[in-house]
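A.B. asks: Going by the working numbering, the letters in the sequence shown line up with residues 393 to 792, in that order.
One should not assume that every hint holds.
Each computed BS3-like pair below joins lysine-lysine, with the alpha-carbon atoms no more than 30 angstroms apart [claimed, not checked]:
1) K515 to K428
2) K743 to K772
3) K428 to K527
4) K762 to K715
5) K772 to K742
6) K715 to K752
7) K762 to K772
Simulated from the structure, these hints should not be mistaken for lab results.
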Amino acid sequence: MLQPWSADQHHGLECLPGVAVYLVGGALRDSLLGLKPSDRDWLVVGATAEQMSAQGFQPVGRDFPVFLHPQNHEAYALARTEQKQGHGYRGFHVQSAPHVTLEEDLARRDLSINAIAMDRTGKLIDPYGGQRDLKKGRLRHVSAAFAEDPLRVVRLARFHAHLYPLEFYIMPETEALCQQVIASGELMHLTPERVWQEVQRALAGERPDQFLLTLHRLGAYEHLFGYLPAPLPAWPQLSQAAQGQQGADIHGAVWLIEAWQGVDAEAVQQGVSQMAQSLGRSRRWQQEMLWLISQLPRLVQGAPFDQQFIVEVMETLEGEVGKQRAQRLEQLLGLYSIPDEGVNPWPGIKKAWDLWLSVKAAEVLADGYKGAEVGVELRKRRMLQLQHHWGSLWGDGIVG
393 MLQPWSADQH HGLECLPGVA VYLVGGALRD SLLGLKPSDR DWLVVGATAE QMSAQGFQPV
453 GRDFPVFLHP QNHEAYALAR TEQKQGHGYR GFHVQSAPHV TLEEDLARRD LSINAIAMDR
513 TGKLIDPYGG QRDLKKGRLR HVSAAFAEDP LRVVRLARFH AHLYPLEFYI MPETEALCQQ
573 VIASGELMHL TPERVWQEVQ RALAGERPDQ FLLTLHRLGA YEHLFGYLPA PLPAWPQLSQ
633 AAQGQQGADI HGAVWLIEAW QGVDAEAVQQ GVSQMAQSLG RSRRWQQEML WLISQLPRLV
693 QGAPFDQQFI VEVMETLEGE VGKQRAQRLE QLLGLYSIPD EGVNPWPGIK KAWDLWLSVK
753 AAEVLADGYK GAEVGVELRK RRMLQLQHHW GSLWGDGIVG
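Please build the complete structure, drawing on both the sequences and the hints.
C.D. replies: Right, dumping it as structure tokens:
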């Protein structure tokens, strides 16, 4: 359980007349549930932005008045109210002033379990029944204003996935508000950056599969990821990856590999391109996803491999980009191997890669090759190295 704090913890804020600091957000919620708290978020009531800066806090919020502690860099937000004026996540008029009360700030929050605050004595302020919902395992909106922010549909799915091991469920009236948001078309006004941020946080969690399934049940999956094939009824590989805490990148790769399994290459290429555009991903990300989606299914089949195919794989593992690919490939092949049959092609691929890299360009240069001839000869010698050791790499086809 989080402990009360001293007045000097907040760099003098609580020494200012009329200023109070409260612990809010996920760290408080998870602590009340007996879970490991995340980064702490603080709410400041009664202060101005000028006072925050004068105390040494660094302003970082572009859309909202948020500051970082000068020493521990924890986030401090000024109490605020929000009024819907436009579309999407940014379509709000934000008012932050010393007269905004704690209860008014908590009223703008999405779920009751996220609208609890704790003061410096350890007292909980819970005007919207968050503690009761925590005990009953309920995800319930604070007010009808939930429907004003379309990003809350995605956040709700993330919270449901986060608390799924504790058997939390979404209240029917909250699901109804999600349907209202989706029917309004507001999801289409979300910025790629904000959607991707929520997706990444969900993929990094313990149950990314439940995040996707919840989005589908709410009806948001098809609107957010319409370029993907229909979602699967279950994501066993993704669940397995999450149990091993492989990280958001690997979990995301498993999601897309599973989603596009059996889809022709042209459709996959078009879908990955659309996904990169809609979520604001780089061309590098797009290339890496295409590489994994195209190569992994063939590698998972195991030996015997065509030598030309392995040569092509080796060439894609060269350089700094190749090192990162190799790390992902090792993790993914471990997930997709078949333990009962002893099939995991990674050990053989790793041996092939080591053999490939054992032939150095310096050797070719020392033999008098110059210019473009160096690359041609280097590739030739590396291929011969693989051919010479081919039998020891794959044996009878069961590698590892």
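A.B. asks: So, for every hint listed, does it hold in this structure?
C.D. replies: Hint check results:
For the hint pairing K515 with K428, the CA-to-CA distance comes to about 20 angstroms; that is within 30 angstroms, so the pair holds. About 18 angstroms separates the Cα atoms of K743 and K772, which keeps this hinted pair within 30 angstroms; it holds. Of the supplied pair hints, the one linking K428 and K527 holds, its CA atoms being roughly 17 angstroms apart against a limit of 30 angstroms. Our distance criterion of 30 angstroms between C-alpha atoms is met by K762 and K715, whose separation comes to about 27 angstroms.
Only pairs whose Cα atoms come within 30 angstroms are accepted, and K772 paired with K742 is accepted, the gap being roughly 19 angstroms. For a cut-off of 30 angstroms, the pair hint linking K715 to K752 stands: about 17 angstroms separates their Cα positions. Taking the CA atoms of K762 and K772, the gap is near 15 angstroms; set against the 30 angstroms cutoff, the hint holds.
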